[in-house]
Amino acid sequence: MKGPQQWTRRRFRAEGLCLEKMIVLCGSKGIPLTKVKRKNLKCLEGQVSDGDFENLCVLAEERGWKITPLGYVGWGMLWEKSKARKGLWIGLILMMALIMTAMQFVWRVEIIDAGVYEGDLRASLIQKGIGTGTLKKTVDLQKLRNELEWRYPKVAWVHTALRGSTLVIRLVEGVPSPEVGPYGEPGDVIAQRGGVVISVEPQSGTALVKAGDIVKTGQVLIRGAEKRGEDAQVHVKARGRVLARVWDRAIARIPLYETVAEPTGERTVIQSVETPWGAWPFGHAPTYGAQETLIETWPLPGVWWPVTLKRETISEVTLLKVRRSDESAEAEARQAAMLLLKEKTGDHDEAVDKWIDYCMIESGTVVACATGERIRDIAVYAPSTAP
Amino acid sequence: MGQQRNMGAGFPPEVTGNRPRLVLYGNEELMVEQHRGIVACASDRMGFQTACGIVCVEGDHMELTRYGPWEACVKGRITRIEYQEDGRG
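Residue numbers (this note's numbering), protein chains in the order written: chain A, 5 to 391; chain B, 311 to 399.
Don't read these hints as lab results, they were simulated from the structure. There may be inaccurate statements among the hints.
In silico lysine-lysine, PhoX-like type, Cα no more than 25 Å apart, as pairs [as the list claims (entries may be wrong)]:
no., chain 1, residue 1, chain 2, residue 2
1, A, 39, A, 25
2, A, 39, A, 220
3, B, 385, A, 25
4, B, 385, A, 85
5, A, 39, A, 90
6, A, 70, A, 90
7, A, 158, A, 147
8, A, 220, A, 348
9, B, 385, A, 43
10, A, 214, A, 231
11, A, 220, A, 346
12, A, 87, A, 33
13, A, 348, A, 158
14, A, 46, B, 385
15, B, 385, A, 241
16, B, 385, A, 90
17, A, 43, A, 70
18, A, 158, A, 346
Non-contacting residues of chain A with respect to chain B, defined by C-beta distances greater than 12 Å in every case (computed) [stated by the list, open to error]:
no., residue
19, 34
20, 257
21, 261
22, 278
23, 285
24, 287
25, 360
Glycine is no exception: its CB is placed at the ideal position from the N, C-alpha and C atoms.
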């Protein structure tokens, strides 16, 4: 196995007569030479491993050749140049120590799929003292997971993990199982919502509506009773599928007047250095009646080290109430109404048709009403109330 | 006789014999195996003692990139390779 000296190579210059003999002798003594280049009749230069250099010198001395060391090459040269620089090594050791120390802390909290709970979850973590700068070993992931699962009962489970210096919290929301009525218990199928019936497919029970009928919410669609024989009637659990055209509406109100901030020209810039342990601002916040603040942050070189430079540009503004154009207000109202409709109906049902109606009311508001027509199964089981 | 014995044993002669083996990569690199030493080392001319005589390599900017007891490697612009009688038979 080669030692470190075998990996370090040294350049040398050999001077004397019949240097070819020296090369042959080196070969026979097991001193491998590389990059041998003849400079002139009495001189050649080459490389030899650091471990063999002494042997080469001894051999050359015995035979009358002169060996002059010319320095190290490759990693050896780097090592020779850097080993005398104590400051460099101290800096490297300090940097490694700092990295190792910094790796013991949480520098980032990543919350995934928390939805509406995200704000509450962040507040809860702050309350528990978990955040940027928390020592990793003080974070009990199991305990945190249990506490969050109790805190958010609608969440199926919570996944907590430390990935490097990031605390990852993932909430997985549960999908409620469909309500299933007691099997075999007599009952009707009623309309979950109003609509125009397209088709009725009763699997058990007696259909009370037909295609084209207008039905209201709660109306019985399939009665939980079947005729057996001429007069006999038995109560059954009604089941079936009733497809109907249904309509959903969503209304959005957008004001025609909007408040615009007009800069007065007065401006104050405050710079600060922010770390997980505190912030050091250079300057005082102004006392403007109304103001706009532009915040810019830059991480300090070193990339992952959580120290940032922050610049706040605070501009004094006058608030003005201006009337928007009808077109832009209508466009915004339309967009908002369609978004509300999409949230209401979801993406899983195919819309047959969609349209929007507008109106402008006296208080300076544009109202957009988005209507979507869909086809869906409106049948839902309801236990029979009949004796 | 020895060579015939080796061939009879199924080994190729370049493995068991003492004849030199020269591998030339383009005109830039020459590998000499089973040499018996170097007799000339210059940037335009190199010579290796072998069982078949002296292998003389001519070219420009040549250097001995590796030298060991059994093989050597020459790099540079190689223009000519020839055998010369070494006078020792």
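_Hints the structure fails to honour_ = Violated hints (numbers, rising): 2, 4, 5, 6, 12, 15, 16, 19; every other hint is consistent with the structure.
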